[in-house]
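Chains as they are written, first to last, in our numbering: chain A, 254 to 354; chain B, 1276 to 1469; chain C, 6 to 633.
FYI, nobody ran anything at the bench for these hints, they're computed from the structure.
Hints are not guaranteed to be accurate.
As the list claims (entries may be wrong) - Below, in silico cross-link-like pairs of lysine-lysine (DSS-like), each with a Cα-Cα straight-line distance of 30 Å or less:
#, chain 1, residue 1, chain 2, residue 2
1, A, Lys339, B, Lys1414
2, C, Lys164, C, Lys541
3, C, Lys365, C, Lys519
4, B, Lys1414, A, Lys343
5, A, Lys280, B, Lys1439
6, C, Lys519, C, Lys164
7, C, Lys164, C, Lys570
Stated by the list, open to error - Where chain C lies over chain A, by a calculated footprint (3+ residues, C-beta under 8 Å):
#, region
8, 266–277
9, 313–321
Treat the numbers as computed from the prediction; the structure is a model and nothing was measured.
Ideal Cβ positions, reconstructed from N, Cα and C, are used throughout, including at glycine.
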Amino acid sequence: MEITLTHYLVLSAVLFAIGLIGVMRRKNLLMLFFATEILLNATNIGFAAISHYLGDLTGQMFAFFIISIAASEVAVGLGLLIVWYKRTGKIDLDIMTSMRG
Amino acid sequence: MFEAIAFYLFAALTITMFTITVMTSQALYALTAMAAGMIFISAFFFILGADFLGAIQIIVYTGAVMALYAFGMMFFDTTRNVVEKRTNPQIVFVLGTLAALMVVAIFVAPIISNNIHAVYPIEAHVGNAQAVGIVLFTKYLVPFEVAAVMLLVAMISGIILAGKKMDKSLTLMAEEEIVMMNADTVGHTEKGEH
Amino acid sequence: MELYLYIALFAPLVGSLFAGLFGATPKTYLTGLVTSGLLFASFVSSAVLLNYVMGGHTVHVELMTWMATGDLYIPFGFVVDQVSVVMMMVVTVVSTVVHIYSIGYMDHDKGFNRFFSYLSAFVFSMMVLVMSDNFAGLFIGWEGVGLCSWLLIGFWYHKESATWAANEAFIMNRIADLGMLIGIFMIYWNIGSLQYDVVFAEIGNLPMAVVTWIGIFLFIGAMGKSAQFPLHTWLADAMEGPTPVSALIHAATMVTAGVYLVVRANPVYDLIPNVGMFIASLGAFVALFAASMALVNRDMKRIIAYSTLSQLGYMFVAAGLGAYWVALFHLMAHAFFKALLFLGAGNVMHAMHDELDPFKMGGLRKVMKGTFIMMTLASVALAGIYPFAGFFSKDLILEVGFVEHHYVIYTVLLLTAGLTAFYSFRLVALIFHGEERYKLFGIHPHEAYKYMLVAMSPLLVLAIIAGSFKMTYFQLVMNLLPATQYHVHDHVTFWIMTIGTQLFVISAILFAYKKYGNWNSVPDGSSKMENRFCYKLLWNQYYIPKIYDEVFSKPYKELSRFAWKQIDLKIVDATVDAIANTIYKTGENTRDIQNGNLSSMLRWMVIGLVVLLALAVAFTVGYNAVGA
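Bound-form chain A, shown alone (with noise of 0.2 Å):
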């Protein structure tokens, strides 16, 4: 049957549901990070769909940045994860209180 722009939006909300699952269920943050990713790629292939269907290439370009982005991203957040393991040891959030209002 046809693959239509609907299946892969109905994917890519899929996908993005899933991240939502992890960011909200680990309490692990280099886990919390493994889900951020999935959100952003989830994204991206929405992006990617759209671009082919209505034959733009802004979407497409749209995803590259995303990319590019992810990347520093995660490179400056894992130098934080290192600081503060290096500080407290762990990097378990429910530890992580000193924020409280």
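Chains B and C: place on chain A using the hints.
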């Protein structure tokens, strides 16, 4: 038809891989599943005719980002089981499902506007890499350069954040100083300091 | 002439405000002197106005507009006509005397300055009441005297009985004022104005039922102010206040305001003779009723208070039967000798160190000659012996009853006259004659200050000679009031009536002297007389205060308690507290959102995302549904 088979196959695989990433308690499995998922997503890009994007996905995401995560895992010594305290797993699933349903509803419902005209239209006879290159280096030049600067900054910050003894410069010190520094380090660790 | 009106009206107010400045400072004679002086100025102005009005003119001023909204126009207007000038004279004479007397009476009281402020404020309110030219101003004065009487009765506010009596007086007045307000509303509703001249001109055009109701409601107001049955219990209890207060308020001015209202509204009552008959009957009943209660009482001021109540009944009989000028004349004469009686009683009280039981006094004529003479002469005037003032006014009322063929009322009033003479002289005999029983209690009485006696003397003079004013007075007021002359046509009947009444009264006086002139013991509640049913009935005021307490006060108190505990605390307060608690608890519970845990914050983020998505879906669907 091939397209349909490919789509459903890769869709199932991707969803499975990412579900493993999110659900498993073993960090190594999560990492591996994540890398596999990235590969399958690039398969989607190839199906959609975005060759350049697919190649970039493999190189950058699967190659660089996942390697970075692997190093991170090695550093944090999380190859063992990750112990996490689960609080309210139901609400998590409920919220996720709700979000999925609603986004799907929004997408499945007829898209409102049908008269979008492409800003940078895809020409059929031009290869994808060529087209991307033309647009990227002409219309999107400034964002490209800015992204490059940003990557540079991220790299430097990663080095600074993660490096040890950054106040001393190994290239500017003499040979004896480096030896003395190593001896000090050994002596420190022998005393049991971290 | 307007200047005199303003002086007469506002001098007491100025005095009150001046004395009010010293309210919290220790006693200074200045307040007493200044207020008395200002009241004297008011008296002189009233006298000038009296002279002017007797020349046939009236003074009418409109000070300023009070309310002018839509169809309602009420000005601050004042009129000095024949009726109001008579009232003004009475009020200013008695007030001046009482003020000067109070300088001596309140000599050792800490609230000296406050007293004069209240007293002058009262006089001002009374002047507003009698000088106003519309029903609204009358009502303002009405309420003002009610308020000032509350302040004055409860002057010694740390005494619980005094505050209770003050509240009783005010609340009973308020209940009656509701009736009066309804009457005023009906007048405005039907006529459209509250000015006396407009109302009295138009009143004849209204349907008889409306006029009847107006008359009834206005009389209800008068009943409260003048303590007619059943709103009479406050007058006896009001004796808790200082004696000058009783002299001014409960003899001469406030309680006569009801009579003044009926006299002023005589065009209304002329149209409804049935209501007038009711008023007269009620007045006669009250006269007898009060006199009966005074027969056995052992509180000096209460006896005089019941006597006031009884004489008010006389006045209402006259007013009810249409003899308005007679009622006003008796009002004037009564003010003089009753105020004199009260002031004399004040002297006795001071001498006896605030002892009020006449059985514990006795033989005081040896020590207090001036007071003895004054009180005896005042009682003679009260009893109605020729040629004192009481004869001319009281016998005139008896004549009115006889001439108008209301023989029952005549008989009741005659009987009451006898009783009046009896109890008045019972009091005089017990206080001033007989053995000196006060020596048992170690009291050393002395006469009052000389200037107090001097101040009381004008009242004595007036009580003696006021009867001679009758013709002048009649010539004056017949310009305004219906000028019916009451003559018993048959000369023989007339002489039999007059002589008979005099003999009856004199025999009552002699009987009183015989019984009480040589009293030598203090009754302590064990004698046979005191345990008879009649005595007990009269002693407890026919148990009416007790009935009021049981039937009205106690259930109302329970209702109030219920309303407080169940409704106010449980419902109203609970609702307000619940609102506050809800807000507080909501805050406490939502504080947990910011617990610093990244995982929970991410969950909240997703919740927010879901909500926004839901809104987007809903709006899109709605938009499509409406658009399509």
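(request) Would you mind confirming whether the straight-line C-alpha gap from Lys339 of chain A to Lys1414 of chain B stays at or under 30 Å? (result) Between Lys339 of chain A and Lys1414 of chain B the Cα gap is close to 44 Å, so the pair fails against 30 Å, i.e. violated.
(message) Run the distance test for Lys1414 of chain B versus Lys343 of chain A: straight-line Cα separation, threshold 30 Å.
(response) 46 Å, violated
(message) Holds or violated: Lys280 of chain A and Lys1439 of chain B, Cα atoms, limit 30 Å.
(response) 27 Å, holds
(request) Given the hint that Lys164 of chain C pairs with Lys570 of chain C, test it: the Cα-Cα distance must not exceed 30 Å. (result) 29 Å, holds
(request) For the pair supplied as a hint, Lys519 of chain C and Lys164 of chain C, confirm whether the alpha-carbon distance does not exceed 30 Å. (result) Distance ~38 Å between Lys519 of chain C and Lys164 of chain C Cα, so the pair is violated.
(message) Using a Cβ cutoff of 8 Å, are there at least 3 residues of the region 266–277 of chain A near chain C, or does the coverage claim fail?
(response) holds (count 3)
(message) Next pair to validate is Lys164 of chain C with Lys541 of chain C; report whether the Cα-Cα distance is within 30 Å.
(response) 27 Å, holds
(request) Establish whether the coverage given for the region 313–321 of chain A by chain C is satisfied; the threshold is a Cβ-Cβ distance below 8 Å, and no fewer than three residues must meet it. (result) Violated - the region 313–321 of chain A has 0 residues with a Cβ nearer than 8 Å to chain C, which falls short of three.
(message) For a C-alpha distance cap of 30 Å, please report whether Lys365 of chain C and Lys519 of chain C respect it.
(response) 18 Å, holds
When each numbered hint is compared with the structure, violations occur for hints 1, 4, 6, 9.
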